[in-house]
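Build the full structure now, drawing on both the sequences and the hints.
Just so you know, the sequences run in chain order G and B.
Going by full-length UniProt numbering, the first residue of the first sequence is number 1, and it counts up by one from there.
Going by full-length UniProt numbering, the first residue of the second sequence is number 1, and it counts up by one from there.
Accuracy of the hints is not assured; some may be wrong.
Lysine-lysine pairs mimicking DSSO-like chemistry, simulated, CA-CA at most 27 Å apart [stated by the list, open to error]: (1) Lys74/B - Lys206/B; (2) Lys560/B - Lys467/G; (3) Lys110/G - Lys96/B.
Sample of chain G residues facing chain B (criterion: CB under 8 Å; computed from the structure) [to be verified]: (4) Arg107; (5) Lys110; (6) Asp297; (7) Ile302; (8) Arg321; (9) Gln389; (10) Lys467; (11) Asp478; (12) Val514; (13) Gly515; (14) Gly566.
Just so you know, the hints here were simulated from the structure itself, not pulled from any lab data.
Just so you know, even glycine gets a beta-carbon here, dropped at the ideal spot from N, CA and C.
Chain residues, written in single-letter form:
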Amino acid sequence: MAKKLLLLLFVTSSVAFSQDLKLSALTVNPELSEGADSVFRNEEITLDLSREGKLKTLISRVVTVYNKAGLGDVAAYVGYDNNTKVNSIEAYIYDLSGKEREHFKERDFKDVSAVDGGTLYADSRVLYLDYTPTTYPFTVHFISETTSETTAFLRPWMPLSRYKSGTEFSKFTVIYPPEQTLHVKETHLDGYAIEKEELADRTVWTAKDLAPVTWEYSAPDLDQRVPRVKCFFDTFYLSGVPGIAKTWKDFGRWMYTDLVKDTQDLDQATITEAKALVAGLETDEEKARAIYQYVQDKVRYISVQVEIGGWKPMNASDVHRLGYGDCKALSNYTQSLLKAVGIKSYYTVLYGKSDKESLDTDVVAMQGNHAILGVQLGDEIQFLECTSQETPFGYMGSFTDDREVLLLTEDGGKLARTTKYEQDENRVALEAAFKFDASGGLEGTITRASSGIFYANRMSLARLDQKDLSDYYYKAFDAINGLSVSNIQLNNDRMNVVYTESLDARATNYGSKVGANFLLRLNAFALGRDAIPPKYAHRKSELIILRGTTQEDKIAITLPEGYEVGALPEDVVIEEQFGSYHATFRREGTQLYYTRTLKFNEGNYPVAQYENYRDFYKTVVRNDSQKVLIQKI
Amino acid sequence: MRYKLLMITMVVLMGAVHCAQAQKIKLDKVTKDELELKVYAEDSTAAAIYLDKVRETYFDYKTSSGFLIINEFKERIKILSKEGLDYATKKILNYKNDSDKELVDDIEGVTYNLVDGKIEEIELKKDGIFENERSEHWDETSITMPAVQVGSIVEWSYTTISPFYKIDDLILQEDLPIVEYYAKIRTPGMFTFRRLKKGYFDITPKESIVDGGVNFENAYGQSNYASYKELVAEYTQNDVPALKEEVFLINPDNYRRSIVYELISTEFTEGNKKEYATTWEEVAKTIFKQREFGGQMSPSLSLKKVAARMVADHKTQAEKIEAALAYVKSKIKWNGNYGKYTDDGIDDALKRGSGDVAEINLLLTVLLRECGVQANPVLIGTKQHGIPSFPTLEGYNYVVVGVRDGLKTILLDATDKFSAPNILPTRVYNWYGRMVNKEGVSQEIDLYETISPQKDRYVMADLNEDGSINGVLKQRYKSLEAFELRHKVDEESLETYTQERAVDLGVDEVTNLKLEGIEELSAPITESLEFKINQGVDQIPGQIYLNPLLFFTMGDNPFKSDVRISPVEFNYPFFHNTNVTLKLPEGYEVQQLPEPIKIALPGELGSFVYSITHMGQTLQVMTKFNLTGTFVPYDYYQSLKEFFNRRVAKETEKVILQKSI
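The structure is reproduced here in C-alpha cells:
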C-alpha cells in the first residue's frame, strides 16, 4: 500500500516531455529517413482516464517533413463533436536548422465540418492546420489536448503509423484509476526496440528507432505489419452513457438493453401488416425471405449519425413511417418485423471492410463500424445486409463475408462468423463460341456465369444503359481488339445467387495476317502484361490471397473453309502452392477447342513466395498469348 | 457590395402599387398515370426522371440589407428503380462569407404513392430536413423524403435568399432526364445582365417587360414605394437527356446545358450608369479597378529594391524573366487555390511564403514591370472551368503572366516549381487566354501557339534468332512532355522510375537509364536506356513474325465506345515521332513488309504517317503522329475511331522473316 501511494504522489506531477526535442532536420538518423517522406522525431501520446467517465487525450508530435507526400503525416488536426471538447491546440514550424519560424495558435486552425459527403447529418467537426510549406525539409511540433465523454474507443498506439515514415522516438501512456483493470492487446512488437513499464496507475510504452515501411501489393494492411498496442477496460462510457465490457456476453447484453431494445417499438398495425405478409407461408426461411423482400422494397439507406455517438439505432417505428435509415436502423427494423412474425434474429456488429477484418475477439470492447442482421433458421444463422435493396437473401459480399462478428442475443453477446465462400463457390465460368473468318475477323457468342464473391461484382450491371454496358465489356474483354458487342442479356438469379451474362461479339482484325495465313490466339480473353504483380527489389511482407477463386474458360473456334491449322501448342499444367493453371488445346476437323482453368488458393504465404507468384503470372500471361498458325490450303 | 435605395435621388416612377411577390409556383396535380409509369420511353434505363424542374428568380428589397435575390424552386421527381431512390434526397448548397450568407426558407415536400389505386400524399416533416456545414464557404441543407419506394413521385419546393448579386446558373441538364424545365427570371431595369449559354442546345427565352416595384424605408424612416420596369425572361425545355461522363472528356460540366447570368451594369439614378463588363475593354478596366487585382499592381519599396538588383545583374529581357520567375518561385509557394483575385494580397502572401495563383502571378507581373519588362496579366479559364465566348469576367478563374516578345507572347506561371517560359502547368492550357492591361487594352492569346510538346523516340536493336530482342532507346521530351516527366521523376526515385519504364514498355529488363537535361527547366530532356525482351516475336520453325515497332506498337484502339455523346478532348496538341532500326538475325530474310500509309483526321486535326524499309539485314520503320487541336466535336467521333482503327491495324501488321537455307 505504501508503495502504491508513493507512486501516486510521484506521478501526479504534470506530464512533461521526457527528453529534449530535436527540431532540426539535420540531426535525423539517416537510417530512418532513407526513402521516407517524413520522420517522427518525438511523439508522446497520453490517454488520461483518471477522471471517471472522461478521456483526456494529450498529443505532442514532432515530425520532420521531407516532401509534399509527407505533409499529411503530421496529422495536425483534432476531431471534436458534442461530446468531445478541444482544450488546446497549437503548432510550431521550425526550419532546417531547428529555428522557430512560425507559431500557430488555436484561432489559426481551420474549423470545419468533418461530415463526409454521403452523410446527411453528423455533429463531428475538425480543427486542422492549413499550412503550405515554403521549403522542405522542415519540422512541425503539433500539440493538442482534448477531453471526451466517450471512453469506449481508445486510440491504438502505432509507433509507425504511416507508410514511408520513420520514427526516432514514440511514447504512449495510459493513465487510469488503480481499481480499473487494463487489458492490452499487443501485436508485432517483436524485433523492435520497444519497452513497457507498468506502474500502479499507468502503463507506459516507448519505442525507439523504427525504420520506415512502404506499401506493398497484396500485403497485410499497415496495422497488421507493424507494432500496435490496443487498450481496453471492463467499463467505459459512450457519449456519457456507462457500458460494461467484462465478457462478450455482458457487453452484448448491455448493448442490446441500453442501445437497441427501446428502439424496437413497432405499433400493432405494423405487426399485423407483417403477419399478413407471411400468412400461408410454411417455413421460417420462406417467412424471413418475405420480410426481407418487404424491407428491401420499402426502405432505402440514408446515413444519419445522431444518438449516442452514432451507436443507437433510429426507432423501428420511425423507419417504418419514413422508409429510410442507416445500417443500424435498417437492421433493427428488420429484426423488429421478424420478431413480429415469430422469427428469432440477432442484431450483429462487425467491421464492414473488404479485407475481412474480424472483431478482436480476445479483448472484449466496443468495436466495429457496421451492423447487419443474423437470422436463426434452425441451427443455422443466415446473415442479411439490410442497407441494400438488391442483395439476395443471405448473401454476403466482400464487405461482410467470413469474419468474426458479435451477435446480440437475448442471453447477451455471442461471437459468430459470417458466411464464407470457398474456392469452388467463388467461380467465374466463361464460355465462348466463335467463327473465325477468312478476313481475320471473329464472330460469336459469349456467356459468363459468376457466383460466390464474384456475384457482387455483377450486381450493378443492370443499372447501366446500353452504351455504358457495352463500354463495360470493351474494358472487361479488352484482349479482343476492335470488339463490338450486341444483344446483351443479363440474368440475375437471386434465388441461387448466380449472375449470368450473355452477348453477341464481333471483332474485325482479330487474327494477325501473315501473308495469306493468320496467326490466331485461341485465348480471346488472355491476361495482358499489366496483370503481372509489381516487382519489388526487397519485398518485406507476406503475400495474402484473401479468397480462393476459380476461373474457367471454354472457347470453341470454327475455322473458315479452305484453311487448316498448323501445329497446336502443348497442354499446360502448372501447380503452385498458391494456385494452378491448366490449359488444353484440341482440334476436331475445322473446330478448335481451348479450355483454361485458373485457380488461386486462399492463404498467407511467406515473403519468399512472392517472386514465385510473379513468375506464375508471367507464365500465365505467356501461355495465354500462345498462337496457332492458320494456313490457307 | 450592397445596393441600397437612397432617399429621393432614386428614379421613382409613380405607378400602380402592386405586390412584387409573385404567385407561388404551382404544378399540375400528380396523376395516376404518372404514378403508374414504369419506364421512361426516351431513356429506358433512367433510374429516375425530373417530371418538372421549375424555378422563379426575382429581386426583393429589405431596408436593412438592400436588394436581395430570391429564388423559388420546385422540383418533382419520379422514381423508376431502386437505384433511383438516391434521388429522393436533395442537397442544397448555400454560399457564405465572413459577413453575409445565403439562406434557405419555406422548405416543403410531399411524397406521392399509389396505394390500392388511390393517390396517397405523405408530407415532409422537420425530421427529414438536416443542416450541415460542408466547408468554410458552404452550408448544406439536405432534404430526404419519407416513405419513398420505386414508383413514388417526390416533390419539394424551397426558397433561397441571397445577398450576393449573382443569379445562380440556370441548370437545364441533370444526371437524370428532365421532362419539363421551366424558369422565369425577373430582373429590375436598374440591373442589366448578360446571358451566356453553355452546352449544345437551342433556346429562345420568351421575353416581356412588366411593371415592378418594391417598398422601402427612406433615411427618415418614411415608407416609400419604388416602381420600375422588370425584364421577364421565361425559359422552357422539354425532354432534356441526362448528362453523361465519358473517357477523353475533361469535365462534362463544361457541356451541361445551362444559362449563365452576368451582371454588366447598374443604373440607380438616371444617367448614372455603372458598367461592369460589356466589352473586353470594360472587362480589363473592371478587373483593374478591383483591389484584389489592379490594387495589387503597385510595387512595395522592398520589391523595387529587388527589381533594381535584378536589373543591375541581368542585361537581356530573357535573363530578367528567368531571374524574376526564379525569385517569385523561391518566395511564394502555391497553396493550391485558384482564382483571378488575390485572397489576402501580395504583401501578406510574401510575408507568409505561400499564396494563391493571383498572389503569385500578380507579384511576378509587378516585379517584371519594375524590371522594365512589358509584362501583363493573362486571364485564363482552366480546363475544369471552361472558357468564355463573350466578354465576361465570370469565364476566368486563373491568371498567368504574358510578356510581348515581338509578335510572339511569352507566358509565365510561377505556381509550379518546374514551370519555365512557355512551359506552364497543363491546367492552364485551355484554348485562349486574354491579356489585359490597365488602359483597357486586351488581347486574345492562343495558348497552344506558345507550346510545342513533342516526343522523339529512337530505337536501335538487335533481333536474335531465339526471338529475344535487345537494344537501346533514346527518347527526347520537349516542352510540356518534359515538364510532366520532371514532375514524375521528382516524385519517385530513379530506381522506381526505371522499374516503371520496364512495365510501361512491356520489356523484361531496363538498365542504364539516364536522364539528361532534367535540371535545365526550359530545355528538352533526353532519356536513354538499354532494354531486353526475352520473347519479342511469334515464331514457327523457319519463320519469324515481327511487330516492327516493338513496344511502340499501338495494339489497342483507345476509342472503343460505339457512339459518342460529348466531344473528345485531349490535354494539349503534340507531335510523336518514332524511329526503330532493327538488325535482323543472320540467315533470315524479309519475306513481306507492310505497306506505308498516311492517314489524316478530318478538319486537319491530326495525321499519322507510317513507312518501312529494309536494306540487307537492317529494317527501319518510322511513324509520325501529330495532333494539332485538342477538341474533336462529337460528330467527328466515328472518323476519329476509324482513324485509330486504321492506325492500330497498320501498327500491328507483321513483318515476315523467312529463314534462308
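For each hint, the structure was consulted:
Distance check on the hinted pair: Lys74/B and Lys206/B sit about 20 Å apart at the alpha-carbon level, within 27 Å; holds. With a CA separation close to 11 Å, the supplied pair Lys560/B and Lys467/G stays within the 27 Å bound. Between Lys110/G and Lys96/B, the direct Cα distance comes to roughly 16 Å. Compliance with the 27 Å bound is thereby established for this hinted pair. Interface restraint check: Arg107/G against chain B, minimum CB-CB distance 14 Å, threshold 8 Å, status violated.
Here the hint on Lys110/G is kept, as its CB sits about 7 Å from the closest CB of chain B, short of 8 Å. Because the closest C-beta pair between Asp297/G and chain B is about 6 Å apart, less than 8 Å, the hint holds. For Ile302/G, the suggested interface contact is upheld, since its CB lies about 5 Å from the closest CB of chain B, less than 8 Å. Hint on Arg321/G holds. Least Cβ distance to chain B is approximately 7 Å, under the 8 Å limit.
The beta carbon of Gln389/G comes within 4 Å of a beta carbon in chain B, closer than 8 Å, and the hint placing it at the interface holds. The closest approach between the C-beta of Lys467/G and any C-beta of chain B is roughly 6 Å, which is under the 8 Å cut-off, so the hint is satisfied. Of the supplied interface hints, the one on Asp478/G holds, with its beta-carbon coming within about 7 Å of a beta-carbon of chain B, less than 8 Å. Below 8 Å, beta-carbon pairs count as interface contacts, and Val514/G has one with chain B at about 5 Å; its hint therefore holds.
A hinted interface residue such as Gly515/G counts as satisfied when its beta carbon comes closer than 8 Å to some beta carbon of chain B; here the least separation is about 6 Å, so the hint holds. For Gly566/G, the interface hint holds, the least distance from its beta-carbon to any beta-carbon of chain B being 7 Å, beneath 8 Å.
Hint 4 from the list above is the single one not met by this structure.
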